[in-house]
Structures are given as structure tokens and as C-alpha cells.
Amino acid sequence: METARRQWIYAWLMLSPAMALLILFTHYPAVQTIVNSFYSTPRGRRKAVWIGLDNYQTLILDDVFWKVLMNNFWYAVWTIPLSILLSLAMALWVNDKIRGRGFLRMAYFTPTVLPLIAVANIWLFFYTPGFGLIDQIRGLFGLAEQNWMGSPDTALYSMIAVAIWKEAGFFMIFYLAALQTIPPSLREAADIEGASRWYYFRRVLFPLLMPTTLFVSINAVINSFRLVDHIFVMTEGGPNNASSLLLFYIYEVAFDYWDTAYAATLTVVMIAILILLAIGQFFLFDRKVHYK
Amino acid sequence: MFANFLKTASVAALATVASLNPAYAVDLEFYFPVAVGGAAADTIEQLTAEYAQANPDVNITAIYAGSYSDAGQKALTAARGGTPPQLSVLLSTQMFALIDEDVIVPFDDYLSEEEKADWIGGFYPSFMENSQTGGKTYGIPFQRSTPVLYWNKEAFKAAGLDPDVAPANWDEMVEMGKALTLKDDAGNVTQWGVRIPSAGFPYWLFQGLSTPAGAILANSDGNKVNFNDAKVVEALEYLVDLSKTHEIMQPGSIEWGPTPKAFFEGEAAMVWTTTGNLTNMRNNAPFDFGVAMLPAKERRGAPTGGGNFYLFKDSSDEQKEAAVDFVQWITAPEQAATWSIATGYIAPRAETWETDKMKAYAADFPPALVARDQLEFAVAELSTFENGKVTQAFNDALAAAIAGEMTAQQALDEAQAKAERILKPYQ
Numbered sequence: 001m002e003t004a005r006r007q008w009i010y011a012w013l014m015l016s017p018a019m020a021l022l023i024l025f026t027h028y029p030a031v032q033t034i035v036n037s038f039y040s041t042p043r044g045r046r047k048a049v050w051i052g053l054d055n056y057q058t059l060i061l062d063d064v065f066w067k068v069l070m071n072n073f074w075y076a077v078w079t080i081p082l083s084i085l086l087s088l089a090m091a092l093w094v095n096d097k098i099r100g101r102g103f104l105r106m107a108y109f110t111p112t113v114l115p116l117i118a119v120a121n122i123w124l125f126f127y128t129p130g131f132g133l134i135d136q137i138r139g140l141f142g143l144a145e146q147n148w149m150g151s152p153d154t155a156l157y158s159m160i161a162v163a164i165w166k167e168a169g170f171f172m173i174f175y176l177a178a179l180q181t182i183p184p185s186l187r188e189a190a191d192i193e194g195a196s197r198w199y200y201f202r203r204v205l206f207p208l209l210m211p212t213t214l215f216v217s218i219n220a221v222i223n224s225f226r227l228v229d230h231i232f233v234m235t236e237g238g239p240n241n242a243s244s245l246l247l248f249y250i251y252e253v254a255f256d257y258w259d260t261a262y263a264a265t266l267t268v269v270m271i272a273i274l275i276l277l278a279i280g281q282f283f284l285f286d287r288k289v290h291y292k
Numbered sequence: 001m002f003a004n005f006l007k008t009a010s011v012a013a014l015a016t017v018a019s020l021n022p023a024y025a026v027d028l029e030f031y032f033p034v035a036v037g038g039a040a041a042d043t044i045e046q047l048t049a050e051y052a053q054a055n056p057d058v059n060i061t062a063i064y065a066g067s068y069s070d071a072g073q074k075a076l077t078a079a080r081g082g083t084p085p086q087l088s089v090l091l092s093t094q095m096f097a098l099i100d101e102d103v104i105v106p107f108d109d110y111l112s113e114e115e116k117a118d119w120i121g122g123f124y125p126s127f128m129e130n131s132q133t134g135g136k137t138y139g140i141p142f143q144r145s146t147p148v149l150y151w152n153k154e155a156f157k158a159a160g161l162d163p164d165v166a167p168a169n170w171d172e173m174v175e176m177g178k179a180l181t182l183k184d185d186a187g188n189v190t191q192w193g194v195r196i197p198s199a200g201f202p203y204w205l206f207q208g209l210s211t212p213a214g215a216i217l218a219n220s221d222g223n224k225v226n227f228n229d230a231k232v233v234e235a236l237e238y239l240v241d242l243s244k245t246h247e248i249m250q251p252g253s254i255e256w257g258p259t260p261k262a263f264f265e266g267e268a269a270m271v272w273t274t275t276g277n278l279t280n281m282r283n284n285a286p287f288d289f290g291v292a293m294l295p296a297k298e299r300r301g302a303p304t305g306g307g308n309f310y311l312f313k314d315s316s317d318e319q320k321e322a323a324v325d326f327v328q329w330i331t332a333p334e335q336a337a338t339w340s341i342a343t344g345y346i347a348p349r350a351e352t353w354e355t356d357k358m359k360a361y362a363a364d365f366p367p368a369l370v371a372r373d374q375l376e377f378a379v380a381e382l383s384t385f386e387n388g389k390v391t392q393a394f395n396d397a398l399a400a401a402i403a404g405e406m407t408a409q410q411a412l413d414e415a416q417a418k419a420e421r422i423l424k425p426y427q
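These protein sequence lines map, in sequence, to chains A and B.
Residue numbers for the first sequence follow full-length UniProt numbering, beginning at 1 and rising by one.
Residue numbers for the second sequence follow full-length UniProt numbering, beginning at 1 and rising by one.
A hint or two may mislead.
[To be verified] What follows is a list of derived Cβ distance ranges for each label pair: (1) B/Glu321 to A/Lys47: 54 to 64 Å; (2) B/Glu114 to A/Arg45: 23 to 33 Å; (3) A/Arg46 to B/Gly122: 50 to 60 Å; (4) B/Ala39 to A/His27: 25 to 35 Å; (5) B/Asn219 to A/Arg45: 47 to 57 Å; (6) A/Ile182 to B/Asn283: 21 to 31 Å.
[Unchecked claim] Where chain B lies over chain A, by a calculated footprint (3+ residues, C-beta under 8 Å): (7) 32–45; (8) 135–146; (9) 232–242.
Honestly, the hints are just simulated from the structure, not real lab data.
Even for Gly, the Cβ is constructed at its ideal location relative to N, Cα and C.
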């Protein structure tokens, strides 16, 4: 009885520092955000008042919100699989014993180390019509100049390309680490059995990498909502919100329009989406991940 | 340990004594943003130090607060937290938002009738349009600018145009633009006639079209807009046609950042951009260039832009008086001339242009006068209550029309409806 209680006390003591921080900086603000979404935005001359679901009604009628949500959907649909595939391919390539392996690994990892804001400035000049790098190369082949960031058809995809380029190197590191834990005896056994490289990858390597894939894909999902820094530098969401994403829109509403209550409402929607995705990934995906 | 404690305590005690000392009677904090590069921050700090030296009873700290929008956020956050700076330079278009937040007070209460007439009355009226509402003065013009047209004289000569004459009106701009647009053998454009940046915040340069067309976008109470006025539609159609019909401007939205570079590289022969770029152009253009007022339609016209001084509410009367005194000092001719020459911002009072310093500068570099002379025709930058949202609705409409997603009329009708919904509580 006495030891059980003491263990309880220990447990709480151990948990409390982390829990205090989590509650103070994560849970309390999240709850406060939900509460705020039911009030009007306080202005100096008018205090916040309870307005029930008005903010949510505004949200449903807000065509910018729906546009931004669709943009975010396409952003996720492209960045998640492409960055994972690319990182896996790069990891397999630099895991082999090839010449200049150290250099290649470093080259692939560089985009991750560089701050996104700085990188966005470089990409800005890649995309610039006329004298930008891409157009100069296109010019060699006699192709017309293309306003990548300035046309609604290509603005979002230009942002997606930057995000994939930025993320893939980071994910590659996880795959590389995972690949190095796989015993070489498996490869040798497969060779003796006469399995092709592709068969070995499909039936042995890839299943063994599944826990890493789960981890990486969760990160990719989070990043598809979180990685918006380059939009500030490159397009500011334009033209006509063609490259705006949910988090960027939240920032705009909160800090450019100073409409904090509506920003809280948008944040609630974003948190709900992220929670749903996380639940989906952990509960459905997790069961099939481990190699049995 | 104890010795350390004693030391800290005595330092704290000294500090208290120091703050009671009349030599440091008033503490002032002042936020300033920098929008166009390094020289501005150094100049402000240098001027503040000069003021502090001349006024030992005022302890003034100038705090660099980032871009305009960063500075706005920081000042507002501090004001909401109850510890605002006494003074801040923020966008002139934020006046209504700051009034709405109840964080600023008008300058009038801290000025004598005489000062109101001489000092307030001495600023260019077009700058005061964004600084006054309801008969009170909430902003004092400081780092203000206006857009102008820069043209490449070599390109003009090569196209067989008179290199010393810029387009005076819309039709001439199209005509000259056609002569200046060059294509290679494959039919790809190597030099555009004109470049009007539109990415991010198209409304500002667009006001350089809507104003000449004869439209005023918002009323001075900041609660009504005229986005779908026939003249605004005409201006937007003209802008769209520059790319679509006349093919003298790159299609799609055009970035601000690379605009000076596009000019230097010969990518565009005429560019519209702020006078804040004047010093940059002067130092870096590899060819002879000219600066002109924006072309006219029904009349000449352009918006003003940039930042004003605001006086924050949550401070003592002594602080406010000291703050007003500082603003009067820094906008006085000598100081304003130093500031204007270092940055390219337009000195906001006519008397500044009478100083020897300013006269010498203008004689050496006459384009500096173009922006000043344009002020006669300039109007307020678009500013309303809920400014961010209303301006965004307008920006979205402009972007949609530029991208060809909607006609000018459709896009502007939609923006008008949106803005009316947003402004309803303020009417």
C-alpha cells in the first residue's frame, strides 16, 4: 500500500515538469483558441462578446478559406508522396558503395540545413521570368519565358517544388539510418536464392523500412501544413490566393487583418484536421507497419 | 554570493536614484520600421542621438522593429499588453485600424493653436490625407514616398524615341511601349516596354492608374469604397490590356523585388516603382535613366505611400509632450533634409526644400524633384477601417483580372460587395 502510493508520487513528480510545460504552452493555448473562436474580435473600442457560431458561419461563406483549403489539399497530395519517394531513392543511391558518397550525402542534405527564408530568396531568382535561372535555361532551347510565380496555374506548383526540394534531404537521413541497421546477411541470402534486386527491395527492404516510412510520412503530413515560410518571401499567397495555404492564411488573418477571433476559428479547423490525420495514421497504419 | 547580492541591490538602488534624477525626467521609446535597406536605420539612430544630446532631460530610445508589418504587430501587441512605445512610425494606412483599437491619440491636444496652423499646416496636403480624419491629426508624415516612372534613355534612343521625353499620358505610354518591346527571331520577348509590379499588393501602383482615370477609391472617413466605379474599371482594363492587347508588359503578376534588377538588365525599358528606389537606381543603373511623373489620363495622379509618426495613448502627459517635441524636431528642415537625402524619401514639408543642403542635393540630382512635384497631384493611399481585409479584397480582384480569371467589371463588383460587407459595422 505504502510503496504503491510512493510510486504514484514518484510518477507524478517525474511527469510534472514535462506536463507543466505541455499544459502551459500547448493545451492551455489550444483550449483558449477554441474558446476565442466563439467570441468576436476585441477592438480597443469594443470588447469581445459571445457570438456563438458566427465565426464558423463566416468561415463556411468565406470563399478564400475554401480555396486555401483546396490548395493545401493539393500541396499535401504532391509533397507527401513525392518527397518520400525522392528521399527513399536518394537514400538507396547514397547507401551503396559509390565514389564520392560523402559528397553526395552532403549535397542531398544541404537543402535541409539551409534556412527556408534564405533558400526562398534564391528560388525567387530561379523562377524570375526572363532573367531567372529556369528561364535562361529554357531560353537556350528557344522556349518562351514563363511567369512561374505570377500565374495562378503555376504559382502553387512552384511552391510545391521548393517544399519537396527542402524536405527530401531531411527524410533521406532517416532512411539512410534505417538502411544501415538492416543486416547485410539478408542481402547475401537473397543473392544466394537468386532474387532480383527489385524483388529484394519489394519483399525485404521496403517492409523492413516501414516503421521509418510511417515516421517520415507523419512528418511529411505535418510539414504539408507547416512549411509555409517560402510563401511569405515568394508569392505572399498570390496571385488571387492561388498559392496561399491554410497556415499562411491564418497568419494573414491574425497579423495583417488583426482579426484574432476569426484566426482562432481557422486554427480550430486546422487542429481538427491534424488530429484526424494523426489518429488515422497511428491507428490504421501502425498495425500494418511492423514486419511479421 | 552575499557580496553579489549587495552589488545587485546597490546597482538597483542607483538605478532608482538615476530615474528620479531630473536629468532623465522623461523616458521615450520609439519604434521604427525599415522598408528599403540599411541607410535608413543608421540615419534614424544618428538623428535620435543628436536629439538626445541637445535635450538631456529626455531619454529617448529608438528601436528598430523590422518591416512595416512587423513594426505594426509589435506596436499593437505592446499596446494591448499595456506597455506601448510612446511613439512609433507605422504605415499611414494603419490610421483607422489604430483608432479602432483605441491605442493612439491625435496630436492636436498637445499643440497650441499657432503650432497647429504653422506646423501641421506646413506639410504637403496630399500627405495629410492619410493622416487626418474627423478634423483631427493622428499621423505626422515622415518616411513618405510616391511611385514614379523610371525610363532607360539608351533603350529609348535605340527604339528611335527621344531619350529625354517620357510618356505624358496613357496613349503615349502604349505607343512608346510598342516601340520599346523587342523580340528575338523565335518571337520571344527580350525587352518589355513597361513593367508595373503587381505581386503582393497591386492596389498601390494601381492607384497610379485609377487616380489619373479620375476615381478616388475610398472616402476620408474610411468607411466607404468605390471599387466598381466605371473609372476604376477603365483603369483596370487599361492595365490588363497592356499585357493582353498591346503585349508590351509581361503577362501575369509581376514581382516587386526583382524590378530594379529587371530595369538594370534591360528586361524592361520603363518601370513603375517607388521613389524609395531612387538612390538604388542612381547607384546601380549601368545606363543613363530618367525619372518622370506617372502618365496622365483625365488628369495626373498617383498615390502617396509610406509611414507616419503616431502618438500612443497609454503614456503620461509629460511623455506625450516630449514625444510631440521630438517629432517637431525631427521633421524640422535640417533634420528632414538629412533624412531625405540619405533615403530618397520625400521631405514632407515645403520649407525643407528651401534649405541649402536640399538645394545642393536637388541641383546635383534633379530627379529627386520629380516626386516632390508630383505631390501636387497625389491622393491618399487606399486606407479604410478593417484595412487589411478591405485592401485584400481589392488586391484579389486586381490579381484575378490580371491573371485573366475574371473580367475587370466582374472582379471589381465582387470586391465592392465584399468590402461593403466588411465595412457595414462602421457606417
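Right, here's what the structure says about each hint:
Take B/Glu321 and A/Lys47: their Cβ atoms lie about 30 Å apart, and the range 54 to 64 Å is violated. Between B/Glu114 and A/Arg45 the CB atoms are about 32 Å apart, so this pair conforms to the stated range of 23 to 33 Å. At about 36 Å, the beta-carbon gap between A/Arg46 and B/Gly122 misses the expected band of 50 to 60 Å. For B/Ala39 and A/His27, the Cβ-Cβ distance of about 47 Å falls outside the hinted range of 25 to 35 Å, so the restraint is violated.
Between B/Asn219 and A/Arg45 the beta carbons are some 20 Å apart, a value that contradicts the proposed interval 47 to 57 Å. Restraint check, A/Ile182 to B/Asn283: a C-beta distance of roughly 59 Å breaks the suggested window 21 to 31 Å. For the segment 32–45 of chain A, the stated coverage by chain B is satisfied: 3 residues place a CB nearer than 8 Å to a CB of that chain, which reaches the threshold of 3. Judged by the Cβ-Cβ criterion of 8 Å, the segment 135–146 of chain A is covered by chain B as claimed, because 5 of its residues qualify and three suffice.
With 7 residues carrying a beta carbon less than 8 Å from a beta carbon of chain B, the segment 232–242 of chain A meets the three-residue requirement, and the given coverage holds.
This entry does not satisfy hints 1, 3, 4, 5, 6, going by the numbered hints stated previously.
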